[in-house]
Amino acid sequence: MDDLLADFVAETREMLEASGGEIVAWEADPSDRARLDTIFRFVHTVKGNCGFFDFPHLEKLSHAAEDALADCRAGRREADSTLVSAVLAIIDRISEMIDSIEAGEDHPEGGDDALIAALNPHDDTPGMSPAEPHKPSETTQVTATSPAEGKADAGPKPARAASVQRTIRLPTELLDEVMKGVSDMVLARNDLARRLRDAGDHPEIDGPFDRLSTILAEVRSSITRMRMQRLEHLFSSLPRLVRDLSTELGKQVMVDFEGGEVELDREMIEMVRDPLTHIIRNAIDHGLEGPGERIKSGKHEIGLLKFAARQSGNQITLAISDDGRGIDADRLAAKAVAAGIYSQAEIDEMSERRKHHLIFEPGLSTAEKVSSVSGRGVGMDVVRANIEHVGGSIDVTTKPGEGTSFHLKLPLTLSIIAALTVGSGGQRYAIPRSYVEEIVFGSSDHVDFAEAGDRRLVTFRGKRVPCLALGEILGSEDPGSVDWASMTLVLVRMASNDVFALAVDRVYDHEDVVVKPIAPAIMETGLYAGTTLLDDGRPMMLLDLPSIAQKHRLVDEMRSMARTLPEEEQTEQRKARPVMLFTGLDGRRRAVRLELVRRIDTISREAIDIEGSRKQAVIDGAIFSLLGLEYGELPEGRCRLLRLSDGEHEVVYAVSEVLDAADMDGEIVPSSADPAVEGVTLIGGEPVPVIDGHGLFAAQGTARKTGRTASCHLPASSDWARTILEPLVEAAGYRVSTEPEEETDVAIELVDDDPRPAFPARHIIRLRPEPEPAENDDESIYRYDREALLSALKRARVEKTA
Amino acid sequence: MNDLLLMCLIAGRRAAIPAALVQSVIEIDQITPIPGAPDFILGLTAMRSQALTVIDCQIALGFGGQEQDSDRRAAVVQVGGHSYALLVEEAYDVGEARSDPIEVPGGFGHGWQMAARGMVETDCGPTLLIDVDALVAGPVARAA
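So the sequence lines, in the order shown, correspond to chains Y and D. The UniProt record's numbering puts the first residue of the first sequence at 1, with every later residue one more than the last. The UniProt record's numbering puts the first residue of the second sequence at 1, with every later residue one more than the last.
One should not assume that every hint holds.
[Stated by the list, open to error] List time: in silico SDA-like cross-link candidates among lysine to any residue, alpha-carbon distance up to 20 Å:
#	chain 1	residue 1	chain 2	residue 2
1	Y	Lys-60	Y	Ala-114
2	Y	Lys-516	D	Met-47
3	Y	Lys-180	D	Met-47
4	Y	Lys-516	Y	Met-271
5	Y	Lys-551	Y	Asp-512
6	Y	Lys-551	D	Pro-38
7	Y	Lys-355	Y	Ala-338
8	Y	Lys-551	Y	Glu-524
9	Y	Lys-463	Y	Arg-643
10	Y	Lys-516	D	His-82
11	Y	Lys-551	Y	Arg-455
12	Y	Lys-551	D	Pro-35
13	Y	Lys-306	Y	Glu-361
14	Y	Lys-516	D	Val-76
15	Y	Lys-180	D	Ile-31
16	Y	Lys-409	Y	Asp-512
17	Y	Lys-299	Y	Asp-328
18	Y	Lys-516	D	Pro-35
19	Y	Lys-306	Y	Gln-252
20	Y	Lys-335	Y	Glu-361
21	Y	Lys-335	Y	Gln-252
22	Y	Lys-409	Y	Met-228
23	Y	Lys-516	D	Ile-31
24	Y	Lys-615	Y	Arg-577
25	Y	Lys-516	D	Ala-19
26	Y	Lys-399	Y	Ala-338
27	Y	Lys-60	Y	Met-15
28	Y	Lys-551	Y	Val-436
29	Y	Lys-180	D	His-82
No lab work stands behind these hints: they were computed from the structure. Predicted model, so just to flag it, every value in this text is computed and none were measured.
The following block holds chain Y by itself, in its conformation from the complex (with noise of 0.2 Å):
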């Protein structure tokens, strides 16, 4: 049975035991008050949850014996005896009905109309008389002659209800308890079993000692068990919100449930309540649109508002969505201006969905006026740190026209988080799982550092992130003794959808961690969330991650980082247009375009290398060609170059020191004065030439290659192909495909070679032996006409990128 079912069962026989004697008592002496409420209190609370399910018959018994309750409580109506019985007689009939309910079955119909009339003071009806007075036998007789017959059914009534499952009802301070105690238990255990390691072998305890923890961990997990409840309890009391907001706006809204069978802590349910009412109310008052705005954009008259959950390992999501009109991200980007919450050109560089993202900042509300149902002073900032602050996450999409929705992910319990521990300063610290992106490794190929004023960002699959040492957050360490390539990064991603990335000496483990509270003075440093203990029984602490990037500006400074942020969002950023100050040889300040930098190295002198028009540095084991060496002569000793790159090609940049990072929001006046500016414009109000990338790159031709490079097969019996054609294509920029399945950008063949080897490829060059074509061939190239392969070769390239 369903056990939302269950519960109403189990609630309602308990109601009926409870109130037994008060029903006896009543019966005796109908006059007296406090029974009067108690039975009324009863029938009151059946009819409340019979509106969770499909119980007319229930309901209508219930309704009619509460209806003539309230009158005797208002002094309408006298209880008498009559009116007992009747009463009684109704709880009978929902007495047995709960027993089929339980068993599954159909209740005995019919009947009800006469139990229901025999409230009716008035009532004449014959045959089912109200009882006479009394005479409780006589009531219960009413019931047992209906014509369903009750009574028939008892029976076989116990043996029915063996199968049914049993219930019971606790109050939650005994489950808090019992699961506080649990948690100790493991703690305690993990502690015994360090020492039983110091202690070495003994096998007469570790058999006993497995058993205890096997036993442990399964209590453990039935104690979780136990805290968690369906879904459904908390779906349970949505349609009733939504039906009274919508009819108090005027709007028709169904409700559709999907996943209510998901379970999660019960505490966590109460947490999300009021979020998840917050954003109920939004939708109603500002998603959906009244029925006639909604039949004109062609839309169902009735609005569609769909809860959806699911669960995913140790999380929750849970997905609100309506099929209203959607967040208008331009008038709440226009809002956030009016409000002074970012200025105008901070809008514009914002993405579509970053600018959805506003609608979780303070002091934001979409609402055109304050109705009575939002505008409460409540905003979406207070529901996402609510949901943060239970571990949680919430972001939202939405398209125009068509709706909006709102994705909530929560942890599974409170009490027992998953973490990720690592260690900095000699210490373990543990981060919420949750928060946790990806873990990579700063010495890996694909992690860039650089420098950016004092803020030092991680360049990682194409983001540039700030990056925070663990031990400079901390205090304990010195930001500029930090050996950044040793350390592992932990890619944090907060609830806000930014990214940061913290730097820790290393990695441990994951661990299901019982996190407990720490005091207050500790609290205070907005550093740790929470302390838990070790297997080895030391203490160590949560670490605060929402707090800590708070303060340290990192959901601001991202802000404004944003723009060198995803591929996607170029177009974006092309209109920020920050730049990097940096010092050039001869020690004039320059900019360049911070999209072009890849990263900052400093390389000895020894690895350049400079003869006549050819300069070139080496780098990891790779030439790059060297500019800027027309300002200045290369210092001696170490030489700071910039990593440039235009996404295919890479060249450095020779300078003196790297300044800053800054935007360029003016003009860039161009200047014909010097071919490798671009331009000049205003940075803090001084002059600052700006290099000119696209002219570096066109004067460097094919330097060295980075991303994907084409592909090419070569005839495969060929020496000459392997030997004079292979370094030509590769030279071009071709990697050389020996796989013969693989399907490749370029093939190459020779129009001798018979038969022909059919290598799959998007584009075919064809060579001939002989300077002059053949007859009815103007396709192939001649094998030695090296401009011609040549450009063959970047034609096909040029239409695999386009």
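Dock chain D against the given chain Y, drawing on the hints supplied.
Chain D in isolation, oriented as in the chain Y frame:
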């Protein structure tokens, strides 16, 4: 006034903590430091699978740090639902208070004044009665 007191030595002076508040007296061997925490909080230690916040009473009273040669004894107390280990120089026996805590003219001097509930007479002579709540709150919170 016959309250039991835990007699101890803090910053070279005789002090007493109401024994009713003390859950146990432990010897601390390992302390997990908490970077960023106020300096009177030395860190965390574990007692029977329970984490305790270790407070250096001497620093909490506003004196300099403790010398290394102390025997690292601590009185475990609970304040506001949190357990603390109050690190003292020495912890002697439990004694009886022979008087109510009283103020002395001119106060107890800098530091002591803020965290002392008064002076009590004991069998070993006059002793300062420590206000555990104030001690745990630390120098900054008290001054505020």
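Regarding the pair Lys-551/Y and Val-436/Y, is the alpha-carbon distance no greater than 20 Å? 19 Å, holds
Compare the distance between the alpha carbons of Lys-306/Y and Gln-252/Y with 20 Å, and conclude whether the hinted pair is satisfied. Roughly 14 Å separates the two Cα atoms, so the pair holds.
Has the given pair, Lys-463/Y with Arg-643/Y, been kept, meaning a C-alpha gap of at most 20 Å? Judged against 20 Å, a Cα distance of about 16 Å means the pair holds.
Would you mind confirming whether the straight-line C-alpha gap from Lys-355/Y to Ala-338/Y stays at or under 20 Å? 14 Å, holds
With a cut-off of 20 Å on the C-alpha distance, tell me whether Lys-60/Y and Met-15/Y pass. Holds. Lys-60/Y to Met-15/Y sits at ~19 Å (cutoff 20 Å).
Just to be careful, I want the Cα atoms of Lys-516/Y and Ala-19/D compared with a cutoff of 20 Å; is the pair within it? 26 Å, violated
Do the alpha carbons of Lys-399/Y and Ala-338/Y lie within 20 Å of each other, as the hint requires? The hint is violated at about 23 Å.
CA of Lys-335/Y to CA of Glu-361/Y, is that 20 Å or under? 11 Å, holds
Below or equal to 20 Å on CA atoms is what counts here, so check Lys-409/Y against Asp-512/Y. Measuring from Cα to Cα gives roughly 18 Å; hence the hint holds.
Is the straight-line distance between the alpha-carbon of Lys-180/Y and that of His-82/D 20 Å or less? 15 Å, holds
Within 20 Å, alpha carbon to alpha carbon, are Lys-551/Y and Pro-35/D? 15 Å, holds
Check whether the Cα positions of Lys-516/Y and Ile-31/D lie no farther apart than 20 Å. 17 Å, holds
When held up to the earlier numbered hints, the structure conflicts with 5, 13, 15, 21, 24, 25, 26 and fits the remainder.
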